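Chains Z and H are the protein sequences, given in the same order.
Mapped onto the working numbering, the consecutive letters of the first sequence carry residue numbers 1 to 492.
Mapped onto the working numbering, the consecutive letters of the second sequence carry residue numbers 1 to 492.
Errors might be hidden in some of the hints.
The list treats identical chains as interchangeable, and a pair is accepted whether it falls inside one copy or across any two copies.
List of simulated lysine-lysine pairs, DSS-like, C-alpha gap at most 30 Å [claimed, not checked]:
hint	residue 1	residue 2
1	K297	K328
2	K220	K328
3	K78	K366
4	K144	K91
5	K366	K184
6	K366	K328
7	K91	K328
8	K184	K297
9	K327	K91
10	K327	K144
11	K297	K91
These are computed hints drawn from the structure, not numbers from a lab.
Only a predicted model underlies this, so the values are computations on that prediction, with no experimental measurement involved.
Single-letter residue listing:
Number of protein chains: 2
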Amino acid sequence: MSEATRAATPRSVREVDRFDLETDVAVIGFGSAGACAATEAAAAGAQTLVLERGWRGGGTSAVSTGQIYMGGGTPLQKACGFEDDPDEMHKYLVASCGPGADEAKIRLYSDRSVEHYHWLTGHGVPFDMGFVDYEVSTMPEPGKSLSYTGSERAWPYREIAVPAPRGHTVQNASGEVMMQLLMKAAQDAGAAILTGTQSETLVVDDDGRVVGVVARVGDKEQIVRARRGVVITTGGFVHNQDMMRWYAPDLLRCGRTIAAEDGDDGAGIRMGIGAGGAAIRMDAACIVLGFAYGNRKNIRGILVNTRGQRYVNEDVYQSNHGEIALKKQDGQVYLIVDDSIYEPTPTGMDEEMFTYPVAAVAETGKELEHELGMPENSLSHTLAVYNENAARGEDPLFHKERCWLQALDNPPLAAIDLRVGHAPYSFFTLGGLRTRPTGEVLDTDGSVVGGLWAAGRSASGIPAQGYNSGLSLADCTFSGRMAGVSAAGAGD
Amino acid sequence: MSEATRAATPRSVREVDRFDLETDVAVIGFGSAGACAATEAAAAGAQTLVLERGWRGGGTSAVSTGQIYMGGGTPLQKACGFEDDPDEMHKYLVASCGPGADEAKIRLYSDRSVEHYHWLTGHGVPFDMGFVDYEVSTMPEPGKSLSYTGSERAWPYREIAVPAPRGHTVQNASGEVMMQLLMKAAQDAGAAILTGTQSETLVVDDDGRVVGVVARVGDKEQIVRARRGVVITTGGFVHNQDMMRWYAPDLLRCGRTIAAEDGDDGAGIRMGIGAGGAAIRMDAACIVLGFAYGNRKNIRGILVNTRGQRYVNEDVYQSNHGEIALKKQDGQVYLIVDDSIYEPTPTGMDEEMFTYPVAAVAETGKELEHELGMPENSLSHTLAVYNENAARGEDPLFHKERCWLQALDNPPLAAIDLRVGHAPYSFFTLGGLRTRPTGEVLDTDGSVVGGLWAAGRSASGIPAQGYNSGLSLADCTFSGRMAGVSAAGAGD
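Can you build the whole structure from these sequences, using the hints too?
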């Protein structure tokens, strides 16, 4: 692990007596953001060198399911019969990526999302022209790449923006294949890739401008001069316990990280801070509590806290439920289902990851609240009101979509244990360096740190706070491209 | 305003051709943290220079009510007949200042709190040996300095640590008098005070060590050499809109800041970041929703969200209610009271600040929920259950203390509007530079930034997240002292 690396202290160029390598643009990291940055920088005519500490690259993107959030009328959306519009996409993302959504980044991406689709497919990234039935699954299926991967149809979002499915999952849900193609694209564009190369810190000149990178290959220090600048794309910081403890301590309760085993240790964020960059929204995270991944019918159940109160419409997206449960309900929640809903094991999913413990089973709401140690007349009242309304196709409390409404009147009832520590809460960090939409790193005064760009999860991006599946890969690939173009255009 | 100041970029000592002033320790800011730092540094034998941009100093502490959280068995606690213990204080603070409370800081302060009391009174800070009746008020009264200013008696805290009142309010609740005494202490100890002096950025040497301050007096730049180091004590960042937007956007909804008009613009935090310091917990804040300040009986009402659900015991402290309401209930809450509780205007408090609008009045719970646009059988059920239990002296949902339990059966009922935007949510920021308990600023790697200390609200301190009244002044005065002692002892 590179936690021992003193990334936060840049090296002064005065202390550099020789550069071992020279390039126009140095890209640190070869995940999806790095590959896209390198491709664009090289395509724009800049000599481009990627420094990757692993033996080949890929990062967390290579172990992902390859979901990319795109919209505004992509060929896949059209092929599946969905209309979409950049303005509706923009409205939805501003509403769901806050508080304090980065509207400039969202605007740029909404406007260029169709172009981004063509860019990706132009590099061979494959999508299948089919739509996954919303009521059955949101997970990719053979031959079907399009799905809802956010809360577009859920209240209140459906009243804010016209819903459209925007999850574009690469063929076979293979983040690995996607990364092979994106890494190949970088090489085809002419970027040079140095693997097994651990970047340790940045080199700055007397004006504070970033002019290079101190790297290590085995025991040997390699100092890279970057005439136009450096692009940081080393991912987030879930694997850095010290950063987690100081920036986002409540996430330590989650237990399960979403990250490549040897990645996301915050090295790039620390290098950027050391060179003067501001790190923002460091408490933000995508926290997945995927209670309906393995059994979509679970959305017909009700989520309650330990007082037996419902607290959210169950049809908001799975990647929001973790955040809502952890941050607003202290991670103390249950899913109540009846016998018509309950499935002991998940369908088509990782059993270990998506089998949730059952906290209690009972014939009536009264018995169930007693079993769960809830106050009398709490859960039983919630159930009675919910059932009465659901039978009429209504949910006056949270406006769950009608297709999910059914009275829970088929005993026995079960309480699925979604309390943190009992059920898996999987997360990755969303906070990082403050950047312009074009990737320039900004300091705490809002000034550009000369010679420095950041992209992907090393930056605070489109999913600044709040999340929809596919947004991280969308942001990584697109912000990588923006940073690569911008860095290539910088004078030396 | 100094928002235009480019605080985040330190100046290299190579660009400094002369120092206008030299000292051992430079203290930036002359609020309570700065005054205490300067006093201790000077008392330890260090030549000490305070740089204050106002015409005399005082900062936000001078406009406060002078509540200082102290315990462990202070003379005031003993005089009022209360026993306390550093271990119980430590347990309570760890539980209430999280998630991720800084246990080392809390331990040090709990152990030294009695000594701190003597230090303050030794410098003339006056306390009156009386206890404010918990059921009538928590605000200072003539002749009574001791009060509960936290949730010590509220569930679940009373089960975690033995409660004791720890709010020590200076005589006449005069933060102004307290600051006059603390500023005098610094001068008496031999610190030199430069007022009207705007610190702009830090000076660093080639090793990144902080060796001075660039300041401005009128049009003239004054560069100060600090042989042992610089202590940053410029407060928080509530008045810096750019920082608020990027670090803590949801707080922008609060509307009312708690800060000196010309202070807390984040200048010191930005200087510290520029010199390599990590800024942590930047989303954290004390958010006061003081619904019971002007009428303590209001605690006998019930707080409900817009679904008519209770969500907290109403007897947790006022400075916690704002955070809970804003962050966990989206700022959409009401206080429901009956005619035996309701008072149209606050008693002994700022009317403008503590008069809350009434959203609805009705004879029954059913009517009230209808008036408020809540779903049928929501608030009315909550009221029925609450009343039935309260009549028995019980609160199975949230264990509100028995002295606050009474059935709300004296119509008419009123819903006091505590929604954000309708009621004042007053706040100040708690995030800042990461420091050791002794004040050394740490970078993102956890290494000390040489020559740099921070204290008070420029640092993330004891109230890292979560708040009790009096903790900020406690932390400012104590962390100021620690930083002053440590900086004075640093070699030059």
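Hint check results:
Taking CA atoms no more than 30 Å apart as the test, K297 paired with K328 passes in both settings, with 24 Å inside one copy and 27 Å between copies. With identical chains, the CA atoms of K220 and K328 are never at most 30 Å apart, being 49 Å at best within one copy and 51 Å at best between copies. For the homomeric pair K78 and K366, neither the shortest alpha-carbon distance inside one copy (49 Å) nor that between copies (49 Å) is at most 30 Å. In this homomeric assembly, K144 and K91 come within 30 Å of each other (Cα to Cα) only inside a single copy, at 26 Å, whereas the closest approach across copies is 55 Å.
Within a single copy, K366 and K184 get their C-alpha atoms no closer than 60 Å, and across copies no closer than 66 Å, so neither meets the 30 Å cut-off. When the C-alpha separation of K366 and K328 is checked against a cutoff of 30 Å, the pair qualifies both within a copy, at 26 Å, and between copies, at 28 Å. In this homomeric assembly, K91 and K328 come within 30 Å of each other (Cα to Cα) both inside a single copy, at 24 Å, and across copies, at 24 Å. Neither within a single protomer nor between protomers do K184 and K297 lie at most 30 Å apart by alpha-carbon distance, with minima of 41 Å and 70 Å respectively.
Taking the shortest Cα distances, K327 and K91 sit within 30 Å of each other both inside one copy (24 Å) and across copies (23 Å). Taking identical chains as interchangeable, the C-alpha atoms of K327 and K144 are never at most 30 Å apart, the minima being 34 Å within one chain and 38 Å between chains. For the homomeric pair K297 and K91, the shortest alpha-carbon distance inside one copy (29 Å) is at most 30 Å, but the shortest distance between copies (44 Å) is not.
The structure fails to meet hints 2, 3, 5, 8, 10 from the earlier list, while all remaining hints are met.
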